[in-house]
Amino acid sequence: MRSNKDRPQGGAVPIALKMTGITKRFGALVASDQVSLELGEGEILSLFGENGAGKTTLMNILFGHYTADAGNIEVFSKPLVGGNTKAALDAGIGMVHQHFALGENLTVLENICLGNEPLWSLRFGGVRLADKARQIAQRCGFEVDLDRPVHTLSIGEKQRVEIVKALYRDAKILVLDEPTAVLTPQEAEGLFEVLRHLSTEGLAVIFISHKLKEIMAVSDRICVLRHGRVVLEVTRAEADPDEIAKAMVGQELKPAVRTRLEPGSTLLSLEAVAKKVDQGALGLQEASFTLREREILGITGVSGNGQQELGDILNGITKPDSGHIDWSALNTAGGDGDQLRRDGVARIPADRHAEGVISGMTVWENVISHSLGKFSKNGLLSFDSAQEHSQQLCTSYDVRYDSLHAEVQQLSGGNIQKLILARELSDQPRVIIAVQPTRGLDVGAVDAVHRRLLEMREKGAGVLLITEDLDELFALSDQIAVIYKGKLSPFYSAERLTLKNIGRMMSGFEIATPA
Amino acid sequence: MLAGGLAAAFALSSVLIVWADAGVWEAYGLIFKGALASRFGITETLARSTPLIMTGLAAAIAFRAKLWNIGGEGQFYMGTLMATWLGTGFLTLPSYLLVPTLILAGALAGGLALLLPTLLKARYKVDEVVTTLLLNFVIILFVSFLLEGPLKDPVSLGWPQASPIVDNGVLPLLIAKTRLHSGFVVALCLAVGLWVLVSRTKLGYEIRAVGHSPQAAGFAGINTRATLIKTALLSGGVAGIAGVCEVTGLKGYLTLDISPGFGYTGIAVAMLGLLHPLGVVVSAIFISTIFVGTDSMSRTLNIPTYLADVIVALAILFVLVSVLLTRYRIVTR
Numbered sequence: 024m025r026s027n028k029d030r031p032q033g034g035a036v037p038i039a040l041k042m043t044g045i046t047k048r049f050g051a052l053v054a055s056d057q058v059s060l061e062l063g064e065g066e067i068l069s070l071f072g073e074n075g076a077g078k079t080t081l082m083n084i085l086f087g088h089y090t091a092d093a094g095n096i097e098v099f100s101k102p103l104v105g106g107n108t109k110a111a112l113d114a115g116i117g118m119v120h121q122h123f124a125l126g127e128n129l130t131v132l133e134n135i136c137l138g139n140e141p142l143w144s145l146r147f148g149g150v151r152l153a154d155k156a157r158q159i160a161q162r163c164g165f166e167v168d169l170d171r172p173v174h175t176l177s178i179g180e181k182q183r184v185e186i187v188k189a190l191y192r193d194a195k196i197l198v199l200d201e202p203t204a205v206l207t208p209q210e211a212e213g214l215f216e217v218l219r220h221l222s223t224e225g226l227a228v229i230f231i232s233h234k235l236k237e238i239m240a241v242s243d244r245i246c247v248l249r250h251g252r253v254v255l256e257v258t259r260a261e262a263d264p265d266e267i268a269k270a271m272v273g274q275e276l277k278p279a280v281r282t283r284l285e286p287g288s289t290l291l292s293l294e295a296v297a298k299k300v301d302q303g304a305l306g307l308q309e310a311s312f313t314l315r316e317r318e319i320l321g322i323t324g325v326s327g328n329g330q331q332e333l334g335d336i337l338n339g340i341t342k343p344d345s346g347h348i349d350w351s352a353l354n355t356a357g358g359d360g361d362q363l364r365r366d367g368v369a370r371i372p373a374d375r376h377a378e379g380v381i382s383g384m385t386v387w388e389n390v391i392s393h394s395l396g397k398f399s400k401n402g403l404l405s406f407d408s409a410q411e412h413s414q415q416l417c418t419s420y421d422v423r424y425d426s427l428h429a430e431v432q433q434l435s436g437g438n439i440q441k442l443i444l445a446r447e448l449s450d451q452p453r454v455i456i457a458v459q460p461t462r463g464l465d466v467g468a469v470d471a472v473h474r475r476l477l478e479m480r481e482k483g484a485g486v487l488l489i490t491e492d493l494d495e496l497f498a499l500s501d502q503i504a505v506i507y508k509g510k511l512s513p514f515y516s517a518e519r520l521t522l523k524n525i526g527r528m529m530s531g532f533e534i535a536t537p538a
Numbered sequence: 002m003l004a005g006g007l008a009a010a011f012a013l014s015s016v017l018i019v020w021a022d023a024g025v026w027e028a029y030g031l032i033f034k035g036a037l038a039s040r041f042g043i044t045e046t047l048a049r050s051t052p053l054i055m056t057g058l059a060a061a062i063a064f065r066a067k068l069w070n071i072g073g074e075g076q077f078y079m080g081t082l083m084a085t086w087l088g089t090g091f092l093t094l095p096s097y098l099l100v101p102t103l104i105l106a107g108a109l110a111g112g113l114a115l116l117l118p119t120l121l122k123a124r125y126k127v128d129e130v131v132t133t134l135l136l137n138f139v140i141i142l143f144v145s146f147l148l149e150g151p152l153k154d155p156v157s158l159g160w161p162q163a164s165p166i167v168d169n170g171v172l173p174l175l176i177a178k179t180r181l182h183s184g185f186v187v188a189l190c191l192a193v194g195l196w197v198l199v200s201r202t203k204l205g206y207e208i209r210a211v212g213h214s215p216q217a218a219g220f221a222g223i224n225t226r227a228t229l230i231k232t233a234l235l236s237g238g239v240a241g242i243a244g245v246c247e248v249t250g251l252k253g254y255l256t257l258d259i260s261p262g263f264g265y266t267g268i269a270v271a272m273l274g275l276l277h278p279l280g281v282v283v284s285a286i287f288i289s290t291i292f293v294g295t296d297s298m299s300r301t302l303n304i305p306t307y308l309a310d311v312i313v314a315l316a317i318l319f320v321l322v323s324v325l326l327t328r329y330r331i332v333t334r
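Going down the list, the protein sequences come from chains A and B.
With the first sequence counted from 1, adding 23 to any position gets you my numbering.
With the second sequence counted from 1, adding 1 to any position gets you my numbering.
Hint data in this document are derived by calculation from the structure and do not stem from the laboratory.
As the structure is a computational prediction, the values presented were derived from the model and not from experiment.
Please note that the accuracy of each hint is not assured.
What the hints assert, rightly or not - Pairs of lysine-lysine residues, derived as DSS-like cross-links and limited to a Cα-Cα distance of at most 27 angstroms, are as follows:
#1 A:LYS397 to B:LYS203
#2 B:LYS67 to B:LYS203
#3 A:LYS234 to A:LYS109
#4 A:LYS181 to A:LYS510
#5 B:LYS126 to B:LYS203
#6 B:LYS126 to A:LYS400
#7 A:LYS342 to B:LYS153
#8 B:LYS67 to A:LYS342
#9 A:LYS400 to B:LYS231
#10 A:LYS269 to A:LYS234
#11 B:LYS126 to A:LYS299
#12 B:LYS34 to B:LYS126
#13 A:LYS236 to A:LYS181
#14 A:LYS342 to B:LYS126
#15 A:LYS397 to B:LYS231
#16 A:LYS155 to A:LYS109
#17 A:LYS109 to A:LYS181
#18 A:LYS234 to A:LYS195
#19 A:LYS508 to A:LYS342
Can you make the complete structure from the sequences, with help from the hints?
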């Protein structure tokens, strides 16, 4: 590990990548404004910034998905033709996307060779290919049977396959787009080890993230983007986390404070609620817990371990196969969304585009979608009061839109989420089911969502938070449980848990009850 | 954009006119003159647009909920059957009662014809494109059987046709000595009614929500199955009314060739009208203009009347493409 490596700019180390004056406009929006950066061989550079800061645009230009309006790219002192993915690949740029591009039913070896070797060689050149792949996998500290089908691998292993695949293609510059989003803390640490090791072998790495801790852990140099511009560039040794966060957001962010509150009476209790395994989903084993007033219960787990099923059951999307949900404190029997809402249950669904809003309908129509009854008389919708109501809610929840009559999918993810919060939280709900409420949102929007949830808790609501973001889990939860392969652990007081405990539980280890 | 799409359709169709050795301007002039420049032309155009407006509305309302009702033809025939069964002497009522009764009965029959495929879709996810399409043939063969048997007019000299509708059941003509009957007014009322329904009512909101995203609509507490069933009754009902009006207003008795594919053309009308109830009226009148005009033009210039089908088909393609282009931009790279 080379923790104290401060490279002099443009010093003795050969330059792997040089981007100068990269500018890209989309209509009036300048997604990338005169961005210049350099990357030395064996260096790990972090690109840090909010969503929409221009990180992905910049990398898409590098990779040839977009053509820059102005600017030059040089790879190992040779100019790179813009807008040509194949040229980028041939120049030695490899990219690992957040969502993997692997053939699930193919073996590890087949995936590695796919697109890198002629098709027939898989059959006839087996030994040679396998040797090369195995060698590279070893360099990555990746021990895997190359003949295993990819769908049997864990998420972390799949990501490793993507890296091996890029290196197989002789990538000299590796771009990783938010690689830790899907990993447990331990898996992420493992990834950092591999990146550090590969960088000592001369690989140049660009690491995209919006998690400050990670970039502090892995980078040699940090480059902060905001509104398409480089606003800060520091070596890791000089980096001050507060300064970096401030540069990213453009202002000082004080984290939302969770005050200590005494939980009140029971709002909702689950007794042995279970859902059978169905088509690859792990289902939900008998889950039992109680949610009380003025508390936030946090549930986490690696994606796909049953938290989706639990959220769907509580949100009334699916019915459990067995067990009982006691809503009696709310005087409701549960049931469909309309009923739940009227009885004081607010629901923030995991997939805000597919479930949270009706794409194709307007902003105001989506604000009232859960309370049609309230805004209709004799079957006729009262447009005036509905639109006025929508406008008021959007203003008080800071939803930014061009027009109330614009189709809702034109809003950014953060604004869609704020719209959902406005709709769900405006009626003083007593129970809030929040599934992944801030996934994919930038820091400012995350902060707004957190403040709202904490505010509702102070007003006496009980919140069930299902999230894969551990920072969020600790920032909000009073009690935490982990779900692994459909089995929900007991709830532990958040103060007694550490990130390490959680990480172990997420990988299926029982932990000794924290003292 | 819409005008551009239509212009492109006419431009491309003129290739066929030139191919048929006729003058393009002359041909188009004759089409519009034939359809719109005389009292006969206008009334004929509107009369022929009447069933198209209604089958177009039927398709449009169903498509709004993404209920792919291809069964307009069968539902149309269900309406004609009802009108024939009740209107040829079974009921003796004064005109102001009998006409509404026939219309409601036809609507019910049409709605029920779409209900079965919709229940299969809502309950068992059976593809309604297949079931509604195939049900057309079932219904038409059933009508054929009835016309050869139980419903056959004893004085029809062997032709497979039903007895005429009783006088009290006949829709009055709007203009004497033309074929334009008050079914046209019924069609316009339905269009306005459906427009209000789709855009201003809770049910209309639910229909659109289910069409855009059943998942999100369900999450919002909208009962998607119930909405689909209501949509089916509306859509099939309107197609059934089209059948009633055609029998009681235009033809006077049921024959097996009463519809030259009104149910299918209704789908084209709905697409060209961009699924908007008032757009459907415009597009139905446009399409019947082309049909009526091409009939008279072909008599003069000896161009096959199939040209009308080509123009309509191209118009739909170009209009849909131009709508698409208002949302996207072509990028060259």
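Now the hints, each set against the structure:
1. A:LYS397 to B:LYS203: Holds, at roughly 10 angstroms.
2. B:LYS67 to B:LYS203: Distance ~17 angstroms between LYS67 (chain B) and LYS203 (chain B) Cα, so the pair holds.
3. A:LYS234 to A:LYS109: The hint is violated at about 31 angstroms.
4. A:LYS181 to A:LYS510: At roughly 24 angstroms apart (the allowed maximum being 27 angstroms), LYS510 (chain A) and LYS181 (chain A) satisfy the hint.
5. B:LYS126 to B:LYS203: 25 angstroms, holds
6. B:LYS126 to A:LYS400: Status violated; Cα separation ~33 angstroms.
7. A:LYS342 to B:LYS153: Between LYS342 (chain A) and LYS153 (chain B) the Cα gap is close to 54 angstroms, so the pair fails against 27 angstroms, i.e. violated.
8. B:LYS67 to A:LYS342: Holds, at about 25 angstroms.
9. A:LYS400 to B:LYS231: Judged against 27 angstroms, a Cα distance of about 19 angstroms means the pair holds.
10. A:LYS269 to A:LYS234: Given that 27 angstroms is the threshold and the Cα spacing comes to 13 angstroms, the pair holds.
11. B:LYS126 to A:LYS299: Holds. LYS126 (chain B) to LYS299 (chain A) sits at ~22 angstroms (cutoff 27 angstroms).
12. B:LYS34 to B:LYS126: Distance ~49 angstroms between LYS34 (chain B) and LYS126 (chain B) Cα, so the pair is violated.
13. A:LYS236 to A:LYS181: At roughly 23 angstroms apart (the allowed maximum being 27 angstroms), LYS181 (chain A) and LYS236 (chain A) satisfy the hint.
14. A:LYS342 to B:LYS126: With Cα atoms ~19 angstroms apart, LYS342 (chain A) and LYS126 (chain B) stay inside 27 angstroms; holds.
15. A:LYS397 to B:LYS231: 21 angstroms, holds
16. A:LYS155 to A:LYS109: 22 angstroms, holds
17. A:LYS109 to A:LYS181: 23 angstroms, holds
18. A:LYS234 to A:LYS195: 25 angstroms, holds
19. A:LYS508 to A:LYS342: Distance of about 19 angstroms is within 27 angstroms: holds.
Checked against the numbered hints above, the structure breaks hints 3, 6, 7 and 12 and satisfies the rest.
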